[in-house]
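Based on the sequences and whatever the hints tell you, model everything.
Number of protein chains: 2
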Amino acid sequence: AGKSNHNTGGRYVDFRVSVVLPAGGTGERTGLLTPKQFCSFLGRPLISYTIQAFERVSWIRSVVVVVAKENMDLMMDIIQRFQHQRVRVVPGGSTRHRSICNGVMALGEGETPAADRPEVVIIHDAVRPFVDEDFLHKIATAAKEQGAAGAIRPLVSTVIATTSEGYLDHSLERVKYRASEMPQGFTYDVIRQAYQRCTESDFEFGTECLHLALQYCGTNAKLIEGPPTLWKVTYKRDLAAAESIIKETLSRTACLITGGSAPAVALAGALRKAAGALEMELDVVPDLAGDNGGYLLKEWNFIQVSVSRRLSEVEALLAALEAANRAVLHPPVVIWVHLSGAGESSAGPEPSAFWDLASRARLRNVLLYGLRLHQSKDAERWERSVLRAAEIASALIQGRSPALVGQLLQA
Amino acid sequence: AGKSNHNTGGRYVDFRVSVVLPAGGTGERTGLLTPKQFCSFLGRPLISYTIQAFERVSWIRSVVVVVAKENMDLMMDIIQRFQHQRVRVVPGGSTRHRSICNGVMALGEGETPAADRPEVVIIHDAVRPFVDEDFLHKIATAAKEQGAAGAIRPLVSTVIATTSEGYLDHSLERVKYRASEMPQGFTYDVIRQAYQRCTESDFEFGTECLHLALQYCGTNAKLIEGPPTLWKVTYKRDLAAAESIIKETLSRTACLITGGSAPAVALAGALRKAAGALEMELDVVPDLAGDNGGYLLKEWNFIQVSVSRRLSEVEALLAALEAANRAVLHPPVVIWVHLSGAGESSAGPEPSAFWDLASRARLRNVLLYGLRLHQSKDAERWERSVLRAAEIASALIQGRSPALVGQLLQA
Ligand SMILES: [Mg+2]
Ligand SMILES: [Mg+2]
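Chains as they are written, first to last, in this note's numbering: chain B, 1187 to 1597; chain R, 1187 to 1597.
All clues given are correct.
In silico DSBU-like pairs for lysine-lysine, Cα to Cα no more than 35 Å straight-line:
1. 1484(B) - 1433(R)
2. 1418(R) - 1324(B)
3. 1422(R) - 1484(B)
4. 1422(R) - 1324(B)
5. 1433(B) - 1418(R)
6. 1330(R) - 1484(R)
7. 1422(R) - 1418(B)
8. 1422(R) - 1362(R)
9. 1433(B) - 1484(R)
10. 1418(R) - 1362(B)
If you're looking for bench data, these hints aren't it; they were derived computationally from the structure.
In structure tokens, the structure reads:
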């Protein structure tokens, strides 16, 4: 249920579209042992993010992931663990083109009735997780009209031709050239024919699908400038950039649950203002009953304010997150804010009980942190505490650090 | 004193080398208001990191930074605040080439005796902070020999030529082309002549200094493949990647000070082992007297173990860091580990006193965190606590979060 946030955005596609996702790379350029597509961010492999990007698009019928034979089991585990739908896995070939070709052919295998074959095939990279529906729509539509379409980006560096001795021969005029990126789209007939007609040498050394469509089908691909987020995770530094984008996406908003008491509601208002200055938007609700239950399906961060030292409210929230299956794709953050000096007792919470609760939550992929705040009658002091609470909450939500779960911090 | 870690590495340069650092860019591609070179990482602007990369190299005599007129004051402030040496600031022109030309000409102004002019000029980008001495040496040496030399990298994407209607014309054979990167090096005579002879159109639309050297001086530049870290901070995602590299560089090691007591020494050994599994190397010392004082000049992370609840040891460490002027370039992290149940009293530290100390340290750019650990006779429980302490320390050191200073965490 947590995954069904289809973003239809008013776009309509009246032809059948499927995706081929080559994921056979060995990742030698990152300098890591794990191929990039299987590197984890917040406990989840990159390729799962890329698959999710396509699952969010209602008009995409199926995704064929092509992986090296030795990674078939790993890939099946990922699909099961993160509950991916509409995905098939097929074994790759010895080169990128052979792998893509296997994926394309799998879409039209012998038994497939013509009316079930895709009319347009989108080819993408497993290591470009941030593709959005709007751009996929542009590529699919142009491919249907022109036979082929591809993403391009401006060149970041000047491109130069080198002599065989390693000297400058000439530099290219930057304005006439573009970097060819992914996704690309083809009508099923064009991409199938291109692979049926191309040579062993193309299979072995070719890099550009658009080139095969031109050479073997006479199809001039339409080129469409894509956003910078289409970039390919290639080097180790790209892993950090991808993680930062994923964390930022998860950290923009939080749902603050007051429980309804007057001191908690007042604190919530002040926290919302302070968080706003830190570029985090807080939605304040008394509880998650009725329509507010929707937050359990869409929000990744929860702040539960309690005026009591009892943990029952935060326990109820954890149970509701579990019932909503919320932690399948990302670890949600829950911050329990204990406001003392305002309620029944000013005694602090029991650290070991909170620690145990956080340890149990961690096993279900929920990150639980605690924050103590003492209600002060000194206005200036109170304002400082609230600002600090907002800063700490924002740092915890942005950091999503498993090492800090179960801590009771002081604002 | 904290900056004088010259990395001579046995390299010898017997000619005069200066650097021109164009930093006039407006940074529109990051989508941020601040130009990239002035974006801050751990409280310090990117350009200061780049300047530091050159200051570390003993054989580089001077750095000329070229900035837009409106940023001259800002740049002078940065040089003063981060105590940069051997740096001059000159105003930029309306294009990149005009700015570089201003920088080159500033190196040989009328009054400069010929014997003080550089023989080789290295041109670099302010937004490529991770250049190392080894590669600078290669560029300078090749420039001295060949007249011109430049860094290249393999192309990440296929480069394609587009028709005027936005269709694929042809794709380039990747193996014959390279991306031209920075740094580049020239003999002073070649780069000065190239700028004296080139046209207004070159100044206005040209992008490649190597091209000017070829066209106006007949100098074929030697091309040298550089490491991936030469990449240019261009997009918003690159800011996250740069921050992650800076944090990783600062987080590989820590100095653990035991104070000499037997329980602290035992804890230190266990923490060192646990940290090793988290890829952090701990150097254990009893105190910072004698030769161990060297850590104050080179280490960015300190863990002070105390068996007493008194803060005198951590106060002495903070004073020593201040005396060593350690916090000029980066905020050092200090983690005070209070080991209870082993010493004179098992009472915990006073949270408000620790908070006040951390607040004062923060004003001097030191990040102070607290960690409580209770000595347990249960071996399994003790092992878990030590592991957790290592995880928390590692997370604090890697995160370097100002929002969490002054917290007393529990391991
Ligand atoms: Mg590719
Ligand atoms: Mg450049």
